[in-house]
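Take the two lone chains, each set in its own frame, and fit them into one complex as the hints suggest.
Chains as they are written, first to last, in this note's numbering: chain R, 23 to 286; chain F, 9 to 364.
Rather than coming from a laboratory, the hints here were simulated on the basis of the structure. Treat the hints with care, since some could be wrong.
What the hints assert, rightly or not - Derived list of chain R stretches under chain F, where covered just means 3 residues or more per stretch with a C-beta under 8 Å from a C-beta of chain F:
id : segment
1  : 97–107
2  : 114–120
3  : 160–166
A virtual CB, placed ideally from N, CA and C, is assigned to each residue, including glycine.
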Amino acid sequence: MKTTTALSLNGLTVGYGETAILSSLDARVEPGGFLCVLGRNGSGKSTLLRTVAGLQPALAGRVQLGADVIGPMPAAERARQIAVVLTEQAHSPGLTANDVVALGRQPFTDWRGALSAEDHAYIRDAFRLAGAEAFAGRLFDDLSDGERQRVMIARAVAQRPRLMVLDEITAFLDLLGRVETMAFLRRHAHETGTTVLLSSHDLELSLQLADAVWLLVDGALEVGTPDDLIARGLIGRAFDTQDVAFSAERSRFELRRNGSARDR
Amino acid sequence: MTTLALPTAPTPAGVARWLVGSLALGLAVIAAALASLSYGQVSIPIGEVIAGLLDSSADSTSALILRDLRLPRVGTALVAGAALGIAGVLMQALLRNPVADAWSLGLLAGGQLGVALTVAGAAFAGPAALAFLEVFQGVSLTVGAAVGVAVAAVAVLWLGRRVGAVTLLVVGLMLSFTVQGIVSVVVHFVSRAGGKVFSGWNDGNFASVLPAEWPLLAGVVLVGIVLAGACAKPLNSLLLGETYAKSLGTNVGRLRTLALAATVLLVAPVTAFCGPITFIGLIVPHVARAIAKTARIGSLLPLAALAGALLAVLADFVVHLPWQQHFLHLNAVLALVGAPVVIALLVFSPVMRGLR
Chain R
23 MKTTTALSLN GLTVGYGETA ILSSLDARVE PGGFLCVLGR NGSGKSTLLR TVAGLQPALA
83 GRVQLGADVI GPMPAAERAR QIAVVLTEQA HSPGLTANDV VALGRQPFTD WRGALSAEDH
143 AYIRDAFRLA GAEAFAGRLF DDLSDGERQR VMIARAVAQR PRLMVLDEIT AFLDLLGRVE
203 TMAFLRRHAH ETGTTVLLSS HDLELSLQLA DAVWLLVDGA LEVGTPDDLI ARGLIGRAFD
263 TQDVAFSAER SRFELRRNGS ARDR
Chain F
9 MTTLALPTAP TPAGVARWLV GSLALGLAVI AAALASLSYG QVSIPIGEVI AGLLDSSADS
69 TSALILRDLR LPRVGTALVA GAALGIAGVL MQALLRNPVA DAWSLGLLAG GQLGVALTVA
129 GAAFAGPAAL AFLEVFQGVS LTVGAAVGVA VAAVAVLWLG RRVGAVTLLV VGLMLSFTVQ
189 GIVSVVVHFV SRAGGKVFSG WNDGNFASVL PAEWPLLAGV VLVGIVLAGA CAKPLNSLLL
249 GETYAKSLGT NVGRLRTLAL AATVLLVAPV TAFCGPITFI GLIVPHVARA IAKTARIGSL
309 LPLAALAGAL LAVLADFVVH LPWQQHFLHL NAVLALVGAP VVIALLVFSP VMRGLR
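Just chain F, with the same shape it has in the complex (with noise of 0.2 Å):
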């Protein structure tokens, strides 16, 4: 071997630029969650919401508001929008497709035929079995989609090593039609039980999570971004390709079931208590790519989990905007920003090279 003399330095431009990144979108997403908890329909001042946040005894109506609906609401924007941003880093590296995400390719609507059926079940089981399904909402919920998502997934992977990154797209799309299809004719025939769970669930909604349920988002969620970091470091290997990924030494098989499990866990209960958030899972890693001008997933999944949870709160707010009229729904202001960012993607983005 020859004999190098090693540099001092050792840090390159990149991670400085991937620090400032993370501050700046890490201050961006307290400033908007703080927009989003003083501004509304009642306004309450930000020194207020400090103090409210600080002091969980006060009982003031503002304090009231905040603790139980906007802090919920915004909790759950932030854990959301986290997810779906590194759910889409996950997908996005495993199918080597840069328009991959968890909704795009059907499985959030997976995971909404899970609950639908979950919900059908019930209702036809019988009363006790409703019964039991309101008391344990959350969690047979999320348990639902979690099955849904997770079949899914399975046939999108089986799916993504025959056709093409683009075709894969069309047909997650026109899968998500489908079972939005049979989801409504499921709905159509337990309407009484599965009305209050389903209505204005295709809109997305981060407003409809209890206090009490958060914990159960916030912590599956949790175990999800925890296995996703762990499939970071051989998911670089993959995307050079599947024999590259095994001669540097990556269990590919064993790689594939992991960042699965991560995409599940960080996706079903998403999908379970707030219905099919669209757009932010493609678009967030495209933006994490940006900034951290790397594709390497340690890098992105930072990043993605805070410009994913940005994007969410923002959404969020401009729904919660006081409007004189009714509200907007989230997935269309989600549409309103993501649909022209992916169609830019397609058309003039390098990342598309050879994929058209």
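Next comes chain R alone, as it looks inside the complex (with noise of 0.2 Å):
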């Protein structure tokens, strides 16, 4: 079925157990866009991540991928839609980098999990795009925080997923490996209809590259392009506080003085 929405929040309610995260949320993103999801902490934007992902199960409302819902696919097709990364650093024993690439093609892999010709390809065209060649063979666990962190992305690529979602995964990362990770994402989305959903804390960063952002602020979902939410003086609401002021005209955040922004 063909459709021109990629991925919609339809009264979505997100939490855990009987306690509401966030509530009602509606959203809609075109296949292909880069979507960074921005929010102070403890604002939810995990457990939206997770539930869209389909980890954990809605409170209210749906998530669709094209026509699919996801909470009541199976999770085996599931895994052959959406590609997950996380913050929380992998530990693998004994795991080669080669292998943590090898497991996107999980999904997708008969009960043995042996890999056809297609799956090797896939996967050495994820170490390719990723730029992780380097270390294909070494050990998961001895390489850096970015490295480790550019092959966890592999793998999701290589799971050649119609919706990524990526949660804080630059967070270890220094401001080089956080912007060459990011343009790469948006760069991968827009050649291969790849949606991309990824939560960050770096705003200045995902302001310039997204297409458009989820803002989650208040307990509500502001939908919009970067252009569209500075304007509104949403980004503002969101994270101004007594010491940090966003200002509009410079796109970046600067320290106030005198209780004022400095540049306005």
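Laid out in structure tokens, this is it:
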């Protein structure tokens, strides 16, 4: 079934058990979009991403991938549609980087998990795209934080999903690593038509690179292009504190002096 | 989607490496088994061993020694070694802990306790129960061991999500000592009935399996191996942790149950028939990983089975060399090889990075 909406939230309520963290969210994403989810610590970013990825059930409403509803989708089928990369550092005694990326093909293999020629090609391609070829044969646990994150992204790429969900994956990277990673994911989304949903604390970078932003502010979800959200003053509302204010003109955060933004 | 040119050769060097490794291990197992069948207090030339294996009707003294003593013993060593090696791979993957195995985490001790309580229960129940136990010794002791192993395994899985890898190892070893204490006390009170079953039990022994019992041992282990094979693919995804496993479509709860069942089937009959065999399950997965240069479970299982069988047969071979004085204990030989390996793992190995 052909549809122009890649991902949609319809009256989605997320949370744990009886406790709703975010209620009645609605949003729509075009295919091949690079989306950043922004919000302060504890605003529910991770819970939202986990629910979108089908790793925890929605309390109400639904998440749709094209025409398919994610909630009732069997786990094996979901794994062919959605790839996940998390902030938590995967630790895997004895696995090589190659093993880790090969796991991205697991949802597509038979009961033995044997890789086909096609799988091997996708794995090699993923290594190349993510710039991780150099350490393919090394032990995953021996790699640096940045290298490991690259391998995890290569694994998600090898999975060839319709939707890639990445939760604060740049947290352990230096500035250059963060720019490279986000620029790669944006390019990957545009070139392959994969929808990429990424949460980040890197506001300025996200605002420069995102096609659209999901902004969590005061328990609500505001959706728009970065420019749109900035113009509506929402970024400032979400992140301004006593000490820091967002400068719409410069698209960056600045220290307040005497209780007001230095630059206006 | 971008289009890709598919390369013609799908086979990475790893497959060749794995094939050569398994072939070499397989040949080594055959050679060790033949040596073990041929050499001992009585020497039987290899030619006669092979002839005796092919012709089951021969009744020369050496043919009887071969058929009634050595074949069951070597056969048991092969099965037990393979079972413990595979169980070690399952445990290490399930707990994501490179020093996990059925012995070190107290599963074998649980099995021992199960057997001890079965015997004690029969002794207290009266002569009829004891008579029943004697007739169906293999089955009832295996069931007793299975219950004990399963209880210990569930406890270890529960604990494994709360403490670190090395802490779990220490707790497991302490658990083993505790259970050995309890077993001694139980055996003390049923010494007459239990004496036969428990004599030299803590030392481990491949020689006490009767030819008639061997099919039970091998049969249960075989079912365990098949179950382990079924776990191989989903266990790979668990190596990255529970959330990633879930995101790759793995039903983590079902996988735990299945892998646990496989472990019980592999370990319980071995414990019931041979006592607690130490170190094999702990070090063999590392040998398999070193050969395969990967931690993929599907590649490791056959290598671990072969390496486990090899180690068991070799240790048993050393035990049964024609020593002048007495004979060595199996677990003493295994400790001489195994303990330094474990120490090296704990102190130097990169797989322990972040777990020390």
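Exercise for the section: Taking the numbered hints from earlier one at a time, note which ones the structure violates and give those numbers from smallest to largest. Expected result: The structure breaks none of the hints.
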